[in-house]
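Asker: Sequence:
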Amino acid sequence: MEWQYTGSLTKSGGELQRLVDEVLLDDRFQKDDLVHFNVEREQRRLDEYQATGGAFSAADGWREESVMLHLPKPGLQQEDEEHAPAFVVDKIWMRSPLEVLKAAFQDTSARKFHWFPQRLFRRVATPENPDARPERLFTDVYNSDAMIREHEEVQRRPRNPDDAPEVEYVVGGIIVYSDSTHLTNFGTASLWPIYAFFANLSKYLRFKPSMFAAHHFAYVPSLPDTLLRFYEEMFGVPASAAVIRLLKYQLMEKVWLLLLDAEFMHAWEHGVLILCGDGITRRVFPRIFMYLADYPEKCLVACLKTLARCACPDCTTDKSNFWKMGTKSDMAARKKNARKDTTIFHDAIARARRWIFEDGMPPDGAHIKKTRLGLFSMAPVRSAFSQRFASLGQNVYKLFVPDLMHEFELGVWKGTFTHLIRILIAVGEDGVQKLDERFSMMPTFGRATIRRFTDNVSAMKKMAARDFEQMLKCSIPCFENLLPEPANSIVLTMLFELAMWHAFAKLQLHSESTLTAFETSTSTLGQAMRAFLRHVCSQYSTQELPRETQSRQRRKARRAAAAPQNDQTATMSSKIKKFNVLNTPKYHRLGDYPRSIVEFGTSDNMSTQVGEFEHQRVKQFYRRTNKNRTFGRQIALEVRRANILNKIAQAQAQPAKPRKQRRKPKKAQPSRGRRLHLHFDDPQPLPPTQPNEHYHISDDKRYPIKLDDFLFENDGDAACENFTWDLKAHIFRRLPGGEQLSPDYVPTLDDIASVRIENNRLYRHKVLRVNYTTYDMRRDQDSINPRTHPDVMMLAPEGSPHPYLYARVIGIFHVDAYRAGESLDGSDDTDTEAIQVLWVRWFDLDPRAPGGFKARRLPRLKWAALDDDAFGFLSPNQVLRAAYLMPAFAHGQSDEALPGYSVARREEEEDVDWKFHYVGIFADRDMFMRYYGGAVGHQLHHPGQPHPAPVAPEPITPLAGDAYADEGDEEHEDDASDIRDPLDDPQEQPQEAHGEYEGQAGEYSDDSEEDEEDGEYDDDGEYTESEDSEDDTALGPEDGEIPMGHDDAELDRVGFAAM
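Everything in the sequence shown is counted per my numbering, starting at 192 for the first residue and increasing by one.
Quick caveat, the hints were computed from the structure, so don't treat them as lab data.
Warning: the hint list may mix true and false statements.
Pairs of lysine to aspartate or glutamate, EDC-like flavour, derived with a Cα cap of 16 angstroms [said to hold, decoys possible]:
| id | residue 1 | residue 2 |
| --- | --- | --- |
| 1 | Lys769 | Glu790 |
| 2 | Lys589 | Glu341 |
| 3 | Lys445 | Asp281 |
| 4 | Lys439 | Asp281 |
| 5 | Lys919 | Glu949 |
| 6 | Lys527 | Glu549 |
| 7 | Lys892 | Glu1024 |
| 8 | Lys919 | Asp1007 |
| 9 | Lys652 | Asp627 |
| 10 | Lys282 | Asp298 |
| 11 | Lys653 | Glu739 |
| 12 | Lys519 | Glu710 |
| 13 | Lys439 | Asp416 |
| 14 | Lys445 | Asp627 |
| 15 | Lys652 | Glu739 |
| 16 | Lys919 | Glu904 |
Since the model is a prediction, treat every value here as computed from it, not as a measurement.
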């Protein structure tokens, strides 16, 4: 313990435990092996480590490179670009992409690669339609159109005459990611890495940080301060913003030209022969399928101007038409105006560069803006991908796929939520306070699906993308009735459309039918957003939030510091802020998702989240460096060391030993009475649940409670009325022979009297784990705990108007029971049988509030009336999975359904209930598909059905009503006149917004509203596990913190493998 609290302060209790379990207690550990051990010497040996082949080849190591940037000077005519003054940027740390590919394909992990892409189908056969047409499915890159097309092109190539007949020709799919990240919370230390992932590996493995699937290609330096000093010394004037911007483009393109070297391009055309990790020799043809990045990074790599007239990286649609997203004319314009990398633009770039260097024209001058480059918002720099691949028929602009995290969660939804806060402030009263209070009372769901919200959600401080995603899922009950009608209805419809679109976009398995629904959802989302703009935003005068005002003032202060001194004094007054989300490139790109899923696979393949995860590893390596100017080299060494040690560990891996429970069990405590659930400090460890089991409850008997004592202590509680009769009636059906009874059979007095509960005791349990098959044919697990996550869902009887029943679990227990006398199956065996039981309080569907995809509302539930069997008992086998039920805050609380105190309520609740609850149908992807229907992994099976039936999908229909009628785009052009320019102050910023390169290092700063400095880039927008998160601290391992406890190999063994 002393070792943990000395030296580095980052040694957590978990790391100390791992040191003991995995090192000191390992049978292979020998203290004598550490005699004369020296860290520096061993690290040096590791750095010099070489092998004859495989993943440890030194050829895939790091090397330092430099590039030369030629400097233009507006107004100065130079001989040509090659003879212009040049500045050398060094300390570019990089690896050969081809050698990285060879090492990855030679590694043992290549045994899990998918070498041959395939189209995935399913046939939904029913008794009415036994010969149904097969429906195509989309999950991963290796069953997408892009990889299938590249594979077929490779197979058509003439074979190398030196290759043996058995040599397979395969595609090596590469996914690239790049983005700058801050390495510390304070200071300016940052790293600009380029990562690569291989699409041949399943995304379910590729996204796991423990798989080390991210390969570091290069670390790009920022423009050094010495460049600006060199420029001023050379030309006598400081470099203009346009020149710095041009140099930033050139730096990135020259780094990529180094990476895409002659060796890599030769392999692109002719393939490279590799003895792969599975022992088979293949000729691998590398192909780059996607470039993952946020919007400014995409524009930088593609050499496009940010937020200019044609702001989309994929098409040249004018930004004044972005608000039409989802309409027929918009979809047609995307196809017509798709960007193409043609020789016309190559010539225009070459001509513009001659003007800049030979004629001394400024890079952003009016003469260049009048050319094709200005017309299509292109920078006078040719992309490295264009230089390398245009002659091979590749279109560079197709690499830049949509990114759900930055474009929707941190873009469209964040911008919409922010404006809703502005509207609540404009309305006055206490709308914002009510919103914060509602979010703070929202229950959690799952292990980390929906976490505890802060008490001040409206401030949006230090929020990552996952926080905005959770806010969207819970937004409808929180915003309900905070605005007057009709604004309230329009806002609730828009929130439903946003949540539904997001749910479709997040699906990890799509079918042709869900993609059709996704396209319709994209169209209806556009309708809802335009209705919100026209009929809600226009009714309120909204101003900047305080944090927006402060952010704007900080930007102005930085500009003023760089500009000549003047007498103008900045004021802190806020200004009018309009809803401009509809005219941003992020909103425009929502229309590209359905097409991109067919081309590249589902959106998780295109998400930058995987790169943000890898940033966390880089930040950890930075802590091990000496923090000086060479930290890039030190991080590169740490990465290589970690990869080598990981491969060695995998090669010497031994079967994992089951972890021993070190928590000493408490002695049985006297019954607390009153309640049937256990408290947090009542330990009841539950080992990992087998994946093929439907549910798992402990068989522990340490927490008994006498049935008579329980009823005596809760005498008069309506929840306990007829408790014994109902319990014994339930047990009667569960005992041997009970399955033969008709569902309508009502147990008689003699039947009830025949049921015996041994010692008249109930043995309480803490948690119920439920395993289920997800929509994408994987196994997942819910943890049901009466204290924290008590709500469950079951299949409704056949013919019910709603597919599910809902209940709140009050207690989990088992009894040892038997039937006195002859059993129902004819035997006279009186041995006791353990009957596991859930005591529940029922919900009823509220018919006064229709819910579903047609109504664009969440299903609403009310508590079952006391005279209508409000309480009952369930077999755990009946539970389908956990349900997420959100209080309907707008309708208040009451004790009408259950007067006075009751053990049916949780201890922290007062003697009242929320009148209604909304069903969280968007809680997670699986939950959404259970309501939409048509999922591959979901089937309905009712008693008496010979075969399971597929769940029929509910159609998504266009929005109806005058507020949503916009089929003729032109007839509403006047209504959209106030949203055509996303810049709030045309006098403050130029016509073609281009971001800024601030500071002497040339760091990029995007001044668009949705990308303010304290917005999107807080914490790098990462999905990180915060050490001070607001999760329920009363969760323990038995509450489901360790779900399932099996890895993919175990799931594969029992038949639940990743596709």
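Asker: State the violated hints by number, sorted upward, taking the hints as numbered earlier in the document.
Answerer: Violated: hints 1, 6, 10, 14 and 16.
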